[in-house]
Amino acid sequence: MMKNFSAALWAETLKVRRSKVMLFTSIGFFILPLVGGLFMIILKDPEAAKSMGLISTKAQIVGGSADWPSFFSMITQGTAIAGAFIFAIVTIWSFGREFSDRTVKELLALPTSREAMVTAKFTVVAAWTLVLTLAMFVVSLIVGALVNIPDFSSELIGNSFIDVLGSTLLNILLLPYAALLASTGRGYMPPFGFTLLTVALAQIAIVTGWGDWFPWAVPGLFSGAAGPRAELLGLHGYVIVVIASIIGLGATFYWWRTADQTK
Amino acid sequence: MSNVIETNQLTKRFGDVLAVDAINLRVGVGEIYGFLGLNGAGKTTTIRALLGMISPSEGDVKVLGQAVGPNGRGPWAQVGHLVESPSAYPELTVRENLDIARRMHAKDDAKLVDEIIEQLSLASYADRTAGTLSMGNLQRLGLARALLHNPELLILDEPANGLDPAGVIEIRELLRTLAHDEGVTIFMSSHILTEVDKLASRIGIIHEGKLIEELIAADLEKLRTRRLEIRARNLEAAKLCLNSAGYKFVMKDGTIIMDNAHAIERSDDIARILVNAGIPPTHLAVVQQNLEEHFMQLTGGVQ
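The listed protein sequences derive, respectively, from chains Z and P.
Quick note: the first sequence uses this note's numbering, first residue 1, plus one each step.
Quick note: the second sequence uses this note's numbering, first residue 264, plus one each step.
Where hints are given, some of them may not hold.
[What the hints assert, rightly or not] Here are the simulated BS3-like pairs of lysine-lysine, each with C-alpha atoms no more than 27 Å apart in a straight line:
1) P:K370 / P:K325
2) P:K515 / P:K502
3) Z:K263 / P:K325
4) P:K473 / Z:K263
5) P:K485 / P:K515
6) P:K485 / P:K473
Just so you know, the hints here were simulated from the structure itself, not pulled from any lab data.
For reference, chain Z alone in the conformation it holds in the complex (with noise of 0.2 Å):
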């Protein structure tokens, strides 16, 4: 079933190597530490933050003081959120692209079965959006450093790095949805629209207390953004979250396996 998965697996790492999905990703990601130390700088100085009008205001709104614990918070809530496009861009570029460029029909003749493709894909997905994580959780380490704020512990690093990976994996769980709608829409468009909807409607989700039950919706309530996760998410949340992965996954490999190919 798996035949070849090496060579998919090293044909997929040159396509995302070569390609500027990985320069545009990094920048986005990368912008959250740094917007989140902006915010510390303006927190840090209320006089300054006052003289700056609209940015000093929504910072208040966002981080409240500026310290470690704040700092933290605002990276996991923006991992939750900013990951959930970010993940999904990489996710849609790596099967969209196959239709966009017309590749696809060069993958189906091959003795490559297309379940190892497939797999190949969600392979490198998921490794670039964890090392993605990981290289933003060590600059946002920096940055903090470098603004110098109060409150650190190795406590607060701990489970920051939990709130922030736990964050990242429950996105990564949802992303074959992403993958099956760029393949089934055979191209960029309908996986973009679908990750907006998503985002905003857990939003309405987690507004209307029944994010819990609504699976895009448990990456933001894991992250805390909407208050402690141990009193909004309970276990049926990551449940609901692993069925939907499941079920994703599987349509995906169903449609690469029997979908007709006419592009």
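Given the structure of chain Z, go ahead and fit chain P onto it with the hints provided.
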């Protein structure tokens, strides 16, 4: 295995559209099978079905003795293909694109890439990204990918697309060599009928989804037979005149047609006989029907 390609009642519907209608194809080992049809006749749909890219609505497909699909199953290690317009990963070089194909075919020998680059005259473009290639060189890259793993069967959709005249000849000779010297079976569609005529040992004509005619080499040779065509204002008088001069002919669409070598060689005499009888021909020409003409007659279409 008697047939490299075998379809039984291959039918494909897209909603209400019947794209391929109960096609029975048989392509033997070492054959070059030309697959002709107007745009939208069902050529590419048939090719995609042969390659397992689409599932037949009815019927079945066997390639190299193995059932094709569902789920992409097939003897793809022995098959090279080029479907529709060539495509490649634009950000990767020619060499990298071919290296992906080599690995996907589970071929360990990295030299295969260099060899095929040389064979398809792509050496000066090997380290250029595919996105910068001309249409012709992109087509060469597509052919290189199809040939890279030394397949037993080549399924090529418009292999001469985008190539310059020298390239067309070069690829024709390459395909001929592969078929004649290495026994590679070639199934190719083309809209360049003269190319198919020059290369194919058998031709299938598809029209509105149906395989309406198959021609073997002898049929093709017969198509190339010369004939003398005569038209005159007074056709009946011309017929009587030629009859009394001992010439045999047939009538077709208001034209006197003579296909015996004697008449064709003596066309000047025939013209003189008609003029002397006061029936000057309005049209007198030795013509050679070709595949294109036959195809147009058969499909009644415009390519």
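Status of each hint after checking the structure:
1. With a CA separation close to 24 Å, the supplied pair K370 of chain P and K325 of chain P stays within the 27 Å bound.
2. Note on K515 of chain P and K502 of chain P: the hinted pairing holds, with a Cα-Cα distance of about 13 Å set against a maximum of 27 Å.
3. A C-alpha spacing of about 22 Å is found between K263 of chain Z and K325 of chain P, which places the hinted pair at or below 27 Å, so the restraint holds.
4. Only pairs whose Cα atoms come within 27 Å are accepted, and K473 of chain P paired with K263 of chain Z is accepted, the gap being roughly 22 Å.
5. Of the pairs offered as hints, the one joining K485 of chain P and K515 of chain P holds, with about 18 Å between alpha carbons and a cut-off of 27 Å not exceeded.
6. For the proposed pair K485 of chain P and K473 of chain P, the alpha carbon gap of about 23 Å is at most 27 Å, so the pair holds.
Violated hints for the displayed structure: none, as all numbered hints are satisfied.
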